[in-house]
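There are 2 protein chains.
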Amino acid sequence: MNSYAVIGTGAIGGYYGGRLAESGRTVSFLARGDYEYIKANGLAVASKAGDFTLPSVDVHNRASDLPERDVVIVSLKTTANGGLRELLLPAVRPGTVVLVMQNGLGMEEEVAAWFPEATVVAGMCFICSQKTGPGRVSHMDYGSLTIAAHGPDSARSRDVLASLKADFEESKVGVTVSPSLGEARWRKLLWNIPYNGTSVILDADTKEIMDTPASRRMVRLLMEEVVRGAAACGYAIEAEAVDRMLEFTDRMTPYKPSMKIDRDFARPMEIEYMYLRPLKAARERGAELPAISMVAEQLLFLESRPYARSRKV
Amino acid sequence: MNSYAVIGTGAIGGYYGGRLAESGRTVSFLARGDYEYIKANGLAVASKAGDFTLPSVDVHNRASDLPERDVVIVSLKTTANGGLRELLLPAVRPGTVVLVMQNGLGMEEEVAAWFPEATVVAGMCFICSQKTGPGRVSHMDYGSLTIAAHGPDSARSRDVLASLKADFEESKVGVTVSPSLGEARWRKLLWNIPYNGTSVILDADTKEIMDTPASRRMVRLLMEEVVRGAAACGYAIEAEAVDRMLEFTDRMTPYKPSMKIDRDFARPMEIEYMYLRPLKAARERGAELPAISMVAEQLLFLESRPYARSRKV
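If you read the protein sequences in the order shown, they are chains A and B. The working numbering puts the first residue of the first sequence at 58, with every later residue one more than the last. The working numbering puts the first residue of the second sequence at 58, with every later residue one more than the last.
Chain A with its partners taken away, still in its complex shape (with noise of 0.2 angstroms):
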């Protein structure tokens, strides 16, 4: 049983960190703007595996404040990651386990770069979550978490990987363990990439994209071109995926994607990690992926403009 330290109490931080702390776990909170309404009421997560409340946690609001913890979950989005190294300086020692809960791509190779020291593990999130107030979390779809070790096949990271899928299986959270993190990144880009983009551009939600012939083949189209660059890396991504991603969307509780919420609330896109740099890995594998690249124009054009919350009427 490991003890954990989560930086970013947020959808993400605050929904698998308070599983953890749920079922037992030593869990140690980071919060800046939220630390002392959470500090004063815990955390509290309506869920669709089971309500539940922590009135007590251990939050913090600097990092060198963290207590000395065996995983760092890094659960911030990538648009902080310019000050994510200050942030892991104090938490991270000879074999602390960073696991990065983050969307996009390049994340880790960044951590490992930082602390060789390390080990990085890719957590891919499979959920639909929202923060809906400081120290409040709604869990509304499914919930899942695949796990991938950084770097090459070890005792150590096998051992890692075991006690991660221990942990979060005993805090009602399903675990798959991928071999590759690269293929298991690509994978997660194959939902990522499409609604994302998509949403904030079409000012829609999954179900409108879904519902909408249009939108679906747009989304489709995209999908392809993430089986493309996925395939340009390496990584085989079978035909199906695609329409199995569609389906897995197609049941899916009608949802904003957190980069839709981000440009709801004003907030910054997570751009670079989840377009520009799976554009940049492919393309330097000579795969060109024009309606991504679109996709990604037309994602820093808004984000150079001034936001309006909807045009919807």
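In case anyone wonders, no lab produced these hints; they're calculated from the structure. Fair warning: this is a prediction, and the values are worked out from it, not measured in the lab. Cβ coordinates follow ideal geometry from the N, Cα and C atoms, glycine included. It cannot be assumed that every hint is accurate.
Distance condition first, Cα-Cα at most 25 angstroms in a straight line; then the derived SDA-like pairs of lysine to any residue [to be verified]: (1) B:LYS337 to A:VAL299; (2) B:LYS313 to A:TYR364; (3) B:LYS264 to A:LEU357; (4) A:LYS264 to B:PRO270; (5) B:LYS337 to B:PRO270; (6) B:LYS264 to A:ARG362; (7) B:LYS313 to A:PRO363; (8) A:LYS337 to B:ARG362; (9) A:LYS264 to B:ARG362; (10) A:LYS337 to B:THR269; (11) A:LYS337 to B:GLU345; (12) B:LYS337 to A:ARG285; (13) A:LYS264 to B:LEU357; (14) B:LYS264 to A:VAL299; (15) A:LYS337 to B:MET267; (16) B:LYS264 to A:LYS264; (17) B:LYS337 to A:LEU357.
Simulated restraints, written as ranges between beta carbons of each label pair [as the list claims (entries may be wrong)]: (18) B:PRO270 to A:LYS264: 28 to 36 angstroms; (19) A:PRO363 to B:ASP321: 41 to 49 angstroms; (20) B:ALA293 to A:ALA323: 44 to 52 angstroms; (21) B:SER60 to A:ALA323: 20 to 28 angstroms; (22) B:SER237 to A:PRO363: 57 to 65 angstroms; (23) B:GLU360 to A:ASP321: 22 to 30 angstroms; (24) A:ASP307 to B:ASP108: 19 to 27 angstroms.
Stretch by stretch, here's where chain A covers chain B in the computed footprint (C-beta under 8 angstroms, at least three residues) [stated by the list, open to error]: (25) 132 to 145; (26) 344 to 350; (27) 358 to 364.
Starting from the known structure of chain A, fit chain B onto it as the hints suggest.
Structure of chain B alone, referenced to chain A:
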């Protein structure tokens, strides 16, 4: 010197038909909603090349009332082409010239199939103009015309092109005669495809598009696909044409493309002839154009939704 009937008295028909009338050609206009106003007040054109008014014009509100004319100019939006054959029926006789001043691909083939006895000519309008009210047109920039005959080269088509060129050039309209209708149509799409869709999707005029690096890259990417589509259809457009089109737009008075204006007034958009037909033509010849497909699907999505004027704050 030809006589003219103008079907559609808006930004294009009002300007070019007005110029022909101003220079002394016999010109009859078809107008529907604006008929009474134009009958009472004529046409007024505010033009970069010199303002002019035609206090009294020969205007009709039924196609069957149009007098017999040598040339019928089609200057409706292609969104009205479902009713075009019926409008042309009373106006087209053996030897009538039909000059199609629309944007898109494939209109001339349809007109020629309906009226094999007519001589069909494409008119590509490189103009920034806008209808500002009934019988009122604002011509902001550029204004030249490229014309090309449909069907095989013949003495008849050469004569027709020469007489049209003479009429327009005596009416302050520069004319280029192209030997290839297909090539000329794709060269016009080189502007229409990137700027029309981008302006609608990003809620931006040409200056905003050109001044923002992301959208500037977008229009270049779209132009490069237009060049690939043209090549698939057998028309070689040199790579420098892309740079020239970007420079042409850089020099342009900030402009809302016609599709953006249509969208702003909640009118249907010219998606079919401007996007779907070119995509189909390229696809039938083995060329997929994913960036253009993305724009087409986004426009189809937006067309299926009610429109609020602008999401700018």
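For each hint, the structure was consulted:
no., hint, verdict
1, B:LYS337 to A:VAL299, "24 angstroms, holds"
2, B:LYS313 to A:TYR364, "20 angstroms, holds"
3, B:LYS264 to A:LEU357, "17 angstroms, holds"
4, A:LYS264 to B:PRO270, "32 angstroms, violated"
5, B:LYS337 to B:PRO270, "30 angstroms, violated"
6, B:LYS264 to A:ARG362, "14 angstroms, holds"
7, B:LYS313 to A:PRO363, "20 angstroms, holds"
8, A:LYS337 to B:ARG362, "34 angstroms, violated"
9, A:LYS264 to B:ARG362, "14 angstroms, holds"
10, A:LYS337 to B:THR269, "21 angstroms, holds"
11, A:LYS337 to B:GLU345, "22 angstroms, holds"
12, B:LYS337 to A:ARG285, "23 angstroms, holds"
13, A:LYS264 to B:LEU357, "17 angstroms, holds"
14, B:LYS264 to A:VAL299, "38 angstroms, violated"
15, A:LYS337 to B:MET267, "24 angstroms, holds"
16, B:LYS264 to A:LYS264, "35 angstroms, violated"
17, B:LYS337 to A:LEU357, "29 angstroms, violated"
18, B:PRO270 to A:LYS264: 28 to 36 angstroms, "34 angstroms, holds"
19, A:PRO363 to B:ASP321: 41 to 49 angstroms, "19 angstroms, violated"
20, B:ALA293 to A:ALA323: 44 to 52 angstroms, "47 angstroms, holds"
21, B:SER60 to A:ALA323: 20 to 28 angstroms, "59 angstroms, violated"
22, B:SER237 to A:PRO363: 57 to 65 angstroms, "45 angstroms, violated"
23, B:GLU360 to A:ASP321: 22 to 30 angstroms, "23 angstroms, holds"
24, A:ASP307 to B:ASP108: 19 to 27 angstroms, "58 angstroms, violated"
25, 132 to 145, "violated (count 0)"
26, 344 to 350, "holds (count 3)"
27, 358 to 364, "holds (count 6)"
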